[in-house]
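The hints should help you fit chain B onto chain A, whose structure is shown.
One line per chain: the protein sequences are A and B, in this order.
Going by numbering that gives the first Met the number 0, the first sequence opens with residue 0, and the numbers climb by one from there.
Going by numbering that gives the first Met the number 0, the second sequence opens with residue 0, and the numbers climb by one from there.
In short, the hints are calculated from the structure, not lab data.
Here a beta-carbon is modelled for each residue, glycine too, at the ideal position from N, C-alpha and C.
There may be inaccurate statements among the hints.
Unchecked claim - Just some of the chain B residues that point at chain A, by a computed CB distance under 7 Å:
(1) Glu144
(2) Ala146
(3) Ala147
(4) Ser257
Stated by the list, open to error - Under 8 Å between C-beta atoms, here's a sample of chain A residues computed to sit facing chain B:
(5) Thr71
(6) Leu99
(7) Leu102
(8) Glu104
Said to hold, decoys possible - Beta-carbon label-pair distances, calculated as ranges:
(9) Pro167(A) x Val65(B): 42 to 50 Å
(10) Arg75(A) x Gly63(B): 22 to 30 Å
(11) Ser257(B) x Thr245(A): 52 to 60 Å
(12) Ile159(B) x Asn35(A): 33 to 41 Å
(13) Glu6(B) x Arg133(A): 57 to 65 Å
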Amino acid sequence: MRVSVSNLRKTYGRLIALDGITIDLERGITGLLGPNGAGKTTLLRCLATVVVPDSGSMEILGLDPEFNHQRTEIRRRLGYFPQEPGFYLNFTCFEFVDYLAILKEFVNSDERLTEVRRVLEATGLSDKSSTKIRHLSGGMRRRLVLAQALVGSPEFLVLDEPTAGLDPELRFHFRELISELAKSRIVILSTHQTEDVAAICDRVIVLTHGRVQYQGRPGELIGLAAGRVWLSQDKPKKSLVNWRTTSGLYRAVGDPPQGAQLIDATIEDGYLTLVGAEAVSDDTLSSMGGGPTGPAARGR
Amino acid sequence: MAWHLDELTIRQYQAGSGDGPGAMSIEAHLAACEACRGVLAADRAWLDRSWSGVVQRLDPDRSGVVERCLRIAGIPDWLARLVSLSPALRSPFVVALLAVIAFAVIASNLEPTGRSFVVFLVSAPLIPVCSIAVSYASRLDTARELAAAAPFSSLRLLLIRSSVVLTLAIGILLLAWPMVPAPDRIGISTWLSPGLTLVLVTLALASRFEIGPSAAFVCSAWCLTIMTSNGALQGFQVMVVFPVLSAVAIGFIAFQRSRYSQVGFHR
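Excised from the complex, chain A in its bound form (with noise of 0.2 Å):
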């Protein structure tokens, strides 16, 4: 069981999404980080065989979805998450997840009953399967985009942003959920919280500009930054990108100067040694608190 992408390039008029994505992916999470533009949904679009690349290969378990019945075999063993699903708000959650399972070709009634009942079972919603969407928080769609991915017990899912907007409780149950998943599959996880990657992935991949920037695992991306980090009474005046923490001291990421305070670095401090001032711009560092601000941030 695994995915291997090879050279994938992927453009929207003048816009390179995709430029040259390589990747392997195999039984477990992998988390894929990288700032806002960096190709990480035209990526899954692509794995989810809803967008076609403009050029390179794919093979989604052992399938070629460059032809048509490969195509369908792919989507049959596949659950999907997208960034932003849609939902028929006049529909109860029960008939959301009854019309996607119909579509998944759960053609026999009694079987798609019980399917629908056991994921609606499987995240929660049970007691709310009669109610319309148009009645529940963000945090209870959410879940009903993860039911629906999860009819027909796929083999490989593509999540994007799951845990997007969720509060700290949910994204906790969302985590422990993905992770149960993940022993038997395939999971890809694109997120803006590098916590989601440090708590749950095997494996991480940090794209930027529709490259692969980082393929490896999470304590590698750790170790990027050992011996990066510091923290300083005043503002540093050069570093990647710094920002004041509740402690009222500063928290850099860069070339420390001499003498500097050097502490550990977390997740972040690897994805930031990567992305550098690019991720000033992502919502990734507004969970640390504070604005980051770097060089290259005031130069925008």
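Chain B alone, transformed into the frame defined by chain A:
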């Protein structure tokens, strides 16, 4: 539990040969004693049937009128469900459609002695086209991306949902037709034939472009045709040109069927 049912009692209970109070006593014991429950040979098929029955009672089928009618008409269960869940059958859509057709009928009655009925002849073929565009345009069909990642053929889904919209729109138009003050020589085919053709041409163009712009192009072409033909279509156009155009559109759809399966194809 200090005591357990003996083998003979269990066999009699399973065979249903014991008396009522005795059976109730056994059941009370079984409810509390896991060991005796384990001794009872379970009839898996019977248990599944029973649970299924319990579930049906507790969570009855909530299928609506449309779905039940379709099932009675012999439509497969899943297709009846798919059709009944079509967003086009939701009340806001139906109300909007009724309103548009009502306006067309009213406008065609403004001048009973003149040619205002032409308003209906011009707008009736456009109503199914616009309805399909509205119900399937990527910006309005909010869950389109989810459907696109499913193995169900996108073309098949497009045709099923278009058929639902078409049936609904043409059904209402047919009901409205007697209220239009058209001369006797103007029959239903005057608007029905172009209407079906315009829908097919729109669906054919949707293999290359988004359905919204495709519908806009077809509607514009139709209005231009009407203006240049001075509002009245000849029998030759109705009986020959539109059927031929329809056949070409069907052929094109069949030829381009694989292109419908990519949601981002046109972006």
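> Which of the numbered hints are not met once you compare them with the structure shown?
Replying inline: The structure breaks none of the hints.
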